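Protein sequences appear in the order of chains V and U. With full-length UniProt numbering, letter number 171 in the first sequence gets 171, and the count goes up by one each step, no holes. With full-length UniProt numbering, letter number 232 in the second sequence gets 232, and the count goes up by one each step, no holes.
If you are wondering where the hints come from, they were derived from the structure by calculation, not from laboratory data. Being a predicted model, the structure only gives us computed values, none of them experimental. By construction, the Cβ of each residue, glycine as well, lies at the ideal position given by its N, Cα and C atoms. Treat the hints with caution; some may be incorrect.
Said to hold, decoys possible - The list that follows gives simulated cross-link-like pairs (lysine-lysine, BS3-like), each with its CA atoms no further than 27 Å apart:
#: 1; chain 1: V; residue 1: 122; chain 2: V; residue 2: 73
#: 2; chain 1: U; residue 1: 45; chain 2: V; residue 2: 240
#: 3; chain 1: U; residue 1: 34; chain 2: V; residue 2: 198
#: 4; chain 1: V; residue 1: 198; chain 2: V; residue 2: 260
#: 5; chain 1: U; residue 1: 34; chain 2: V; residue 2: 45
#: 6; chain 1: U; residue 1: 240; chain 2: V; residue 2: 34
#: 7; chain 1: V; residue 1: 2; chain 2: U; residue 2: 240
#: 8; chain 1: V; residue 1: 260; chain 2: V; residue 2: 240
#: 9; chain 1: U; residue 1: 122; chain 2: U; residue 2: 260
#: 10; chain 1: U; residue 1: 73; chain 2: V; residue 2: 260
#: 11; chain 1: V; residue 1: 111; chain 2: V; residue 2: 73
#: 12; chain 1: U; residue 1: 122; chain 2: V; residue 2: 45
#: 13; chain 1: U; residue 1: 73; chain 2: U; residue 2: 122
#: 14; chain 1: U; residue 1: 111; chain 2: U; residue 2: 73
#: 15; chain 1: V; residue 1: 34; chain 2: U; residue 2: 193
#: 16; chain 1: U; residue 1: 260; chain 2: U; residue 2: 240
#: 17; chain 1: V; residue 1: 260; chain 2: V; residue 2: 122
#: 18; chain 1: U; residue 1: 111; chain 2: V; residue 2: 260
#: 19; chain 1: V; residue 1: 111; chain 2: U; residue 2: 34
#: 20; chain 1: V; residue 1: 2; chain 2: U; residue 2: 122
#: 21; chain 1: V; residue 1: 73; chain 2: U; residue 2: 122
Unchecked claim - Residues from chain V that face chain U, not an exhaustive set, calculated with beta carbons under 10 Å:
#: 22; residue: 3
#: 23; residue: 19
#: 24; residue: 27
#: 25; residue: 81
#: 26; residue: 90
#: 27; residue: 106
#: 28; residue: 110
#: 29; residue: 113
#: 30; residue: 160
#: 31; residue: 238
#: 32; residue: 239
#: 33; residue: 241
#: 34; residue: 244
#: 35; residue: 256
#: 36; residue: 260
Next come the chains, spelled out residue by residue.
Number of protein chains: 2
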Amino acid sequence: MKRTAFFISDGTGITAETLGQSLLSQFENVEFIKLLRPYVDTVEKARDMVQQINAAAERDGIRPIIFDTVVNKDIRNELAASNGYLIDIFSTFLAPLEQEIGDGSSYSVGKSHSIQHGGLYKERIDAVHYAMDNDDGARTEHYDRADIILVGVSRCGKTPTSLYLALQSGIRAANYPLTEEDMERLQLPSALKAHKHKLFGLTIDPDRLTSIRHERRPNSRYASFGQCEFEVREVESLFKRENIPFVNTTTFSIEEISAKILVEMGIERRLK
Amino acid sequence: MKRTAFFISDGTGITAETLGQSLLSQFENVEFIKLLRPYVDTVEKARDMVQQINAAAERDGIRPIIFDTVVNKDIRNELAASNGYLIDIFSTFLAPLEQEIGDGSSYSVGKSHSIQHGGLYKERIDAVHYAMDNDDGARTEHYDRADIILVGVSRCGKTPTSLYLALQSGIRAANYPLTEEDMERLQLPSALKAHKHKLFGLTIDPDRLTSIRHERRPNSRYASFGQCEFEVREVESLFKRENIPFVNTTTFSIEEISAKILVEMGIERRLK
Numbered sequence: 001m002k003r004t005a006f007f008i009s010d011g012t013g014i015t016a017e018t019l020g021q022s023l024l025s026q027f028e029n030v031e032f033i034k035l036l037r038p039y040v041d042t043v044e045k046a047r048d049m050v051q052q053i054n055a056a057a058e059r060d061g062i063r064p065i066i067f068d069t070v071v072n073k074d075i076r077n078e079l080a081a082s083n084g085y086l087i088d089i090f091s092t093f094l095a096p097l098e099q100e101i102g103d104g105s106s107y108s109v110g111k112s113h114s115i116q117h118g119g120l121y122k123e124r125i126d127a128v129h130y131a132m133d134n135d136d137g138a139r140t141e142h143y144d145r146a147d148i149i150l151v152g153v154s155r156c157g158k159t160p161t162s163l164y165l166a167l168q169s170g171i172r173a174a175n176y177p178l179t180e181e182d183m184e185r186l187q188l189p190s191a192l193k194a195h196k197h198k199l200f201g202l203t204i205d206p207d208r209l210t211s212i213r214h215e216r217r218p219n220s221r222y223a224s225f226g227q228c229e230f231e232v233r234e235v236e237s238l239f240k241r242e243n244i245p246f247v248n249t250t251t252f253s254i255e256e257i258s259a260k261i262l263v264e265m266g267i268e269r270r271l272k
Numbered sequence: 001m002k003r004t005a006f007f008i009s010d011g012t013g014i015t016a017e018t019l020g021q022s023l024l025s026q027f028e029n030v031e032f033i034k035l036l037r038p039y040v041d042t043v044e045k046a047r048d049m050v051q052q053i054n055a056a057a058e059r060d061g062i063r064p065i066i067f068d069t070v071v072n073k074d075i076r077n078e079l080a081a082s083n084g085y086l087i088d089i090f091s092t093f094l095a096p097l098e099q100e101i102g103d104g105s106s107y108s109v110g111k112s113h114s115i116q117h118g119g120l121y122k123e124r125i126d127a128v129h130y131a132m133d134n135d136d137g138a139r140t141e142h143y144d145r146a147d148i149i150l151v152g153v154s155r156c157g158k159t160p161t162s163l164y165l166a167l168q169s170g171i172r173a174a175n176y177p178l179t180e181e182d183m184e185r186l187q188l189p190s191a192l193k194a195h196k197h198k199l200f201g202l203t204i205d206p207d208r209l210t211s212i213r214h215e216r217r218p219n220s221r222y223a224s225f226g227q228c229e230f231e232v233r234e235v236e237s238l239f240k241r242e243n244i245p246f247v248n249t250t251t252f253s254i255e256e257i258s259a260k261i262l263v264e265m266g267i268e269r270r271l272k
């Protein structure tokens, strides 16, 4: 049985989606059709939403679940009149928080993902450009400005992780691919030695690496299991020998890898 | 007066942080010290957390606010015994949701940001590599695979937006810088013409662009107000002439720009 879930907001919808996804993921026996509806910021748009909600209720034969972070009361009242089961995220928590904090909420839309909120925004953009410019060992002369330098074999997840750290947290992450030559030399490349305390290793199971590389260069030596297995073994032994902290990325998402890196490196994220 | 807020989870902490930030941003008169504490996944770590919470309570002279998405009951019980004001996000919503859905929650940790959850993960990684390879007009021969092609003047926000769309939503976004030559030619570059329905324009206020470019190349013609003003005016008139939808990025964050693009282009994000 399928059941529709709506994530509705008068802002970007990021909070409604994040919390809604977290909660729905706890119900593994139900298949949800999930629909994100950002910028529902007028009564007219809310009425259109009600039609979508009611249509889904009829189609599914069961009322949809609605997670909303709408701040405007008139819009919320429209949604409440739909045939959906409404989880009103802000209302649930704002009243008790107002009491605890002893101050009124501003009830303003889209505060948490706005550009005004905190000086972190510029750092995030700068960090994205830093990650782009220092991707894949392209340059090593700016490592003094890095917060972290990710190292590992080709296609173990360095690039997406660097970019995620930059976008989410404003962390300047360079990344450097360890190649066969580095492994044969049996030591860290000199560009990395000077910044050893910034190094964090990523590793991956050889069979997973083989399949990722096969998509990129099918039937190449680069993608062969033998080559992947050799590189992973050498790199892991390098990490251990040099005392470089590392994580195996095989079963973890970018979000999980990034959170683990910050915990292990003891980096306290600046929150906006 | 400063007051400490903790975002605590036995997983990545993304949900606790996202919701906590949204709620706290509604209280503009209070200065919060915000601390993210992911992977609090043992009773021992929870006890360490309690010490941190109690220390903050003493330091601030007021009890900290705690947003937690801890699934494990023993760990939650430890936190509840601290001197903090606990907002227990999952407990608040899971019981009513269980009743509505008529099925038990699995109470499993870190489901929503795990790699297993949905086929979208691979698409996101592929989209990141697509965005990297097709950044800044580097190549135009793969535009048939693009979901969106962002166009605009240099440093108006194309690259971070492309990467955000890729990482968050698995959207393949290329980006192409419109240069002075394109403007003088008074028409779309031919590489773009063939994909006109995929184009989305970004623009920016000239004074903001001037200040961004100044940081990159101080006192250059590229960063002069006259040049920025000329480029922006030409590009906006190109967007209008060619009926290319566009958004002014000056006062919007990447999150907001990305959400607006998807709404305007009518792209329904696939949610995990």
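Now for the hints, and whether the structure bears them out:
no.	hint	in the structure
1	V:122 <-> V:73	violated (33 Å)
2	U:45 <-> V:240	holds (26 Å)
3	U:34 <-> V:198	holds (25 Å)
4	V:198 <-> V:260	holds (15 Å)
5	U:34 <-> V:45	violated (35 Å)
6	U:240 <-> V:34	violated (34 Å)
7	V:2 <-> U:240	violated (43 Å)
8	V:260 <-> V:240	holds (18 Å)
9	U:122 <-> U:260	holds (24 Å)
10	U:73 <-> V:260	holds (22 Å)
11	V:111 <-> V:73	holds (16 Å)
12	U:122 <-> V:45	violated (33 Å)
13	U:73 <-> U:122	violated (33 Å)
14	U:111 <-> U:73	holds (16 Å)
15	V:34 <-> U:193	violated (34 Å)
16	U:260 <-> U:240	holds (18 Å)
17	V:260 <-> V:122	holds (24 Å)
18	U:111 <-> V:260	holds (16 Å)
19	V:111 <-> U:34	holds (16 Å)
20	V:2 <-> U:122	holds (24 Å)
21	V:73 <-> U:122	violated (39 Å)
22	3	holds (8 Å)
23	19	holds (5 Å)
24	27	holds (6 Å)
25	81	violated (18 Å)
26	90	holds (7 Å)
27	106	holds (5 Å)
28	110	holds (7 Å)
29	113	holds (4 Å)
30	160	holds (5 Å)
31	238	violated (25 Å)
32	239	violated (21 Å)
33	241	violated (27 Å)
34	244	violated (20 Å)
35	256	holds (6 Å)
36	260	holds (7 Å)
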